[in-house]
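Enquirer: Residue numbers (my numbering), protein chains in the order written: chain A, 1 to 579; chain B, 580 to 841.
Since the hints were derived computationally from the structure, they do not count as laboratory data.
A virtual CB, placed ideally from N, CA and C, is assigned to each residue, including glycine.
Among the clues, some could well be false.
[Unchecked claim] Computed spacing ranges between beta-carbons, pair by pair:
#, chain 1, residue 1, chain 2, residue 2, range
1, A, V356, B, N730, 30 to 38 Å
2, A, P375, B, E636, 32 to 40 Å
3, B, A759, A, V356, 31 to 39 Å
4, A, H478, B, N730, 24 to 32 Å
5, A, M255, B, N665, 34 to 42 Å
6, B, E709, A, R241, 20 to 28 Å
Residue strings, one per chain:
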Amino acid sequence: MTEKSQVNWTKIIQIGLIGGAVAVLLCLVGMVEAFSKRDIIAGVISLGQILLVIIVFTIGYTGAKRASSRDWRISLVSGIIAGLLVGSLIAGLVLLSKGINLRPVLVNASPALFKILTFDQKTTAMAVFYLVAGGAGVGLIAGLLYILPARIRSAIIAGLIWVILVGLLQDLIRLTLTPWPQVANAVSWIFGARNQKGLSVIGAVAIFIVVTGGNFLWAGWKPTVQASYQGLPAPRQNMVRYGSLFLIALVLLYMPNLLGPFLSEVATTVGLYILMGLGLNIVVGFAGLLDLGYVAFFAIGAYVMGVLTTTGGELTTSAQWTFWEALPVAVLASVIAGVILGVPVLHIRGDYLAIVTLGFGEIIRILALSDMLKPHIGGSQGIVQVARASIGEIVIDDAQKLYYLILIACLIGAFIALRLKDSRPGRAWMAMREDEDVAQAMGIDLVVTKLMAFGVGAAFSGLSGAIFASKLATIYPHSFNLLISVNVLALIIVGGMGSIPGVVVGALALVGLPELLREFDEFRLMVYGAVLVAMMLYRPEGLWPEKTRQRELHAEEDVPVTENVVDLTGATSAVTGGQ
Amino acid sequence: MSMLKVQKLVKRFGGLVAIGDLDLDVKEQAIHSVIGPNGAGKTTLFNCITGFYKPEEGDILLNGESLLNKSPDVITHKGIARTYQNIRLFANMPAIENVLVGLHSHLKTNLLGAIFRFPSVRQEEKQALEEARRLLRFVGLAGKGDLLAKNLPYGDQRRLEIARALASKPKVLLLDEPTAGMNPQETAEMTHFIQHLRDELGITILLIEHDMKVVMGISETVTVLDYGVKIAEGVPAEIQRNTRVIEAYLGRGVVANLEQAA
């Protein structure tokens with residue numbers, strides 16, 4: 001057994017114990033119990049149980065991987081040991097609860113939790129046996145999966161993930177399908193009975209088979225498809241690219257009908273965050289100015305829109321403008337506020353900048369709450385009856401119509417961000433992010449460049465705020481708390497600093513998903529924290545990192561060079577002569 | 580004709596006199612070296628010239644125009660560029676973008692132009708890219724422009740820093756120990772390259788260097804600093820024989836010992 005002696009068993013035991021601790025923690029904070037109210041497969045397994053299974057599975061897999069042995073038996077044993085340890089720790093928790101009443105200290109150690117953990121077994125011994133054996137079993141499966149070829153493994157994992165996803169979002173899927181009764185009926189067998197949440201057993205199996213099979217086959221075809229795409233002549237490649245863009249555009253346009261009112265509402269919220277993310281991405285991602293008071297400009301945009309357009313309430317000042325009249329003023333006001341904030345912080349860097357901007361965000365919120373400004377902006381009662389946007393006869397008053405307004409705003413925002421990124425001002429921002437002193441020594445005017453970043457960033461946020469005010473038709477100071485700034489910053493980090501698609505991905509993950517999983521709201525911040533820590537450890541570049549463009553060898557050849565449009569031929573023109 | 584003139588420059592940090600009453604006269608198209616032991620005030624001199632430090636007294640003139648109280652970016656516009664002793668590239672940007680940043684002061688595109696990308700802006704970008712490629716070729720980095728600056732090998736990073744400095748089309752180029760950390764082969768190449776810069780582009784070069792072979796090989800004038808004070812100035816051959824210089828480097832008494840030995 002020379003092979004065995006090389007395996008680091010203490011490491012595997014350590015992994016198992018860590019997993020067990022995580023599982024026990026999730027039980028004791030109430031997550032397992034809360035999640036158990038949702039069935040993934042009706043009557044078979046709940047989300048709470050899946051949560052535990054996922055932990056055991058991940059730990060078993062990590063154990064098998066860390067054993068890093070070529071011997072498949074060792075991988076299996078490592079998986080079992082790690083899984084067994086997680087199961088044992090949960091069993092330990094069950095045993096402990098039999099002896100001592102944990103409730104006075106740990107409020108979530110409720111009978112309901114132990115009912116879930118003991119699988120309704122009457123005797124503790126049986127429950128403990130089930131937990132330990134179950135842990136080892138799942139660990140074994142994880143180990144098995146590890147020794148399978150990568151292609152099969154990833155296909156199976158994709159299948160499992162999709163089963164959980166569809167199960168999780170099943171009521172939304174059902175809701176979405178209601179306009180098409182035929183379709184809804186045709187797929188109704190996938191879901192449990194009407195009054196049940198979750199998938200039916202056959203449905204789960206079907207989804208698993210379809211996704212796993214599809215994934216497996218696609219893994220085989222992918223190289224051929226890619227090769228044939230690469231083999232196409234350039235104009236054909238462009239056709240494929242524009243074709244897919246066109247398809248995406250069609251889907252985006254048709255989306256509100258597909259999503260229905262509730263999901264459209266979620267989409268508009270995500271859209272407003274995307275807009276803010278695009279703006280903050282310019283300030284933080286491009287220019288490297290850590291701004292924690294970004295909500296201030298959102299508030300300013302919303303309040304300017306509110307004050308200028310409100311038709312009700314007791315405000316002394318109300319112009320009763322239309323949405324479109326007020327919109328440019330709201331954006332402009334945010335830009336001015338951005339520049340004004342920029343001036344005092346011109347010489348502040350890094351952490352200090354974050355603290356100062358944080359303060360600015362709070363100042364704006366407190367001003368909005370203040371009695372001093374109450375006659376003008378409503379104080380804590382806020383502003384009611386903010387104007388809706390309207391185009392001709394159509395009043396944009398529900399989420400499905402608002403979706404288009406926000407979509408257009410996001411597209412304009414993304415366009416501007418993309419254009420700025422590859423331009424002289426964009427390069428100046430990035431140079432400043434990399435090294436402020438050297439940027440200045442390269443002839444970049446730091447004052448102008450910084451103020452420009454703050455101003456442009458604030459414009460996006462102000463636009464988002466103005467639409468937000470019109471969306472809700474009422475605004476309160478409490479809508480503009482620090483958490484919005486934190487959310488926007490977090491979505492940029494998760495998506496990938498400086499990356500524009502990253503903003504969209506980050507907003508979907510950090511704003512969209514939690515909106516869909518509202519019942520788990522109380523764990524939102526905990527999951528947030530865990531996700532951010534995990535991201536920083538394992539994928540610091542973000543979900544969709546910024547790609548560096550190939551500029552030296554693949555430049556766009558769309559503009560013919562004519563000489564002397566710009567005098568770039570000064571001293572260095574001799575360069576070519578010198579060679 | 581004098582290109583860059585430093586007059587009675589004084590720079591203090593608290594009680595420490597980093598530069599005391601320094602006069603320097605850099606002739607047009609010269610290669611002028613500044614040498615001296617560590618802490619002699621060489622890099623402080625560079626920081627004063629480029630506007631990062633405000634000197635307490637004295638004046639700095641470029642072509643007769645004072646650079647005092649001008650910010651570093653303005654001084655770059657006036658025609659002074661520099662490299663750094665410890666390489667300071669924009670590490671997470673591709674090499675070619677580093678050079679494009681160097682071109683910043685010669686481009687005009689503003690925010691609106693960047694967003695709407697008018698024909699004139701496209702033209703400008705196109706030419707800037709052309710120019711950046713040319714500079715990369717010039718410093719011998721052709722084909723490496725799309726690599727991130729931090730991924731370039733050490734010698735290439737030094738070259739890129741020079742390309743970036745050249746992009747601003749300087750009249751005077753300040754090089755802070757360009758051969759630091761290079762092997763003899765690379766040092767020889769760099770020496771040749773600096774000479775080439777002056778001969779081909781007609782740029783005036785002010786050089787801080789520790790490698791005496793480089794200094795003595797290419798400089799027309801050498802200025803020696805010690806504790807912020809100029810202790811000698813002249814053509815390389817004079818400096819090599821100057822006892823004060825030898826003492827500054829090797830300590831007092833060495834000269835006497837050497838003479839005894841000889």
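Enquirer: Each hint: holds or not?
Expert: Status of each hint after checking the structure:
1. Between V356 (chain A) and N730 (chain B) the CB atoms are about 35 Å apart, so this pair conforms to the stated range of 30 to 38 Å.
2. Evaluation of the 32 to 40 Å hint for P375 (chain A) and E636 (chain B) yields a failure: the beta carbon distance comes to about 57 Å.
3. In this structure the hint that A759 (chain B) and V356 (chain A) lie 31 to 39 Å apart at CB holds, the actual value being about 38 Å.
4. For H478 (chain A) and N730 (chain B), the hinted distance range of 24 to 32 Å is not satisfied, since their beta carbons lie about 48 Å from each other.
5. Distance hint check: the CB atoms of M255 (chain A) and N665 (chain B) are about 52 Å apart, inconsistent with the given range 34 to 42 Å.
6. One distance hint, 20 to 28 Å for the beta-carbon pair E709 (chain B) and R241 (chain A), holds here, with the actual separation near 26 Å.
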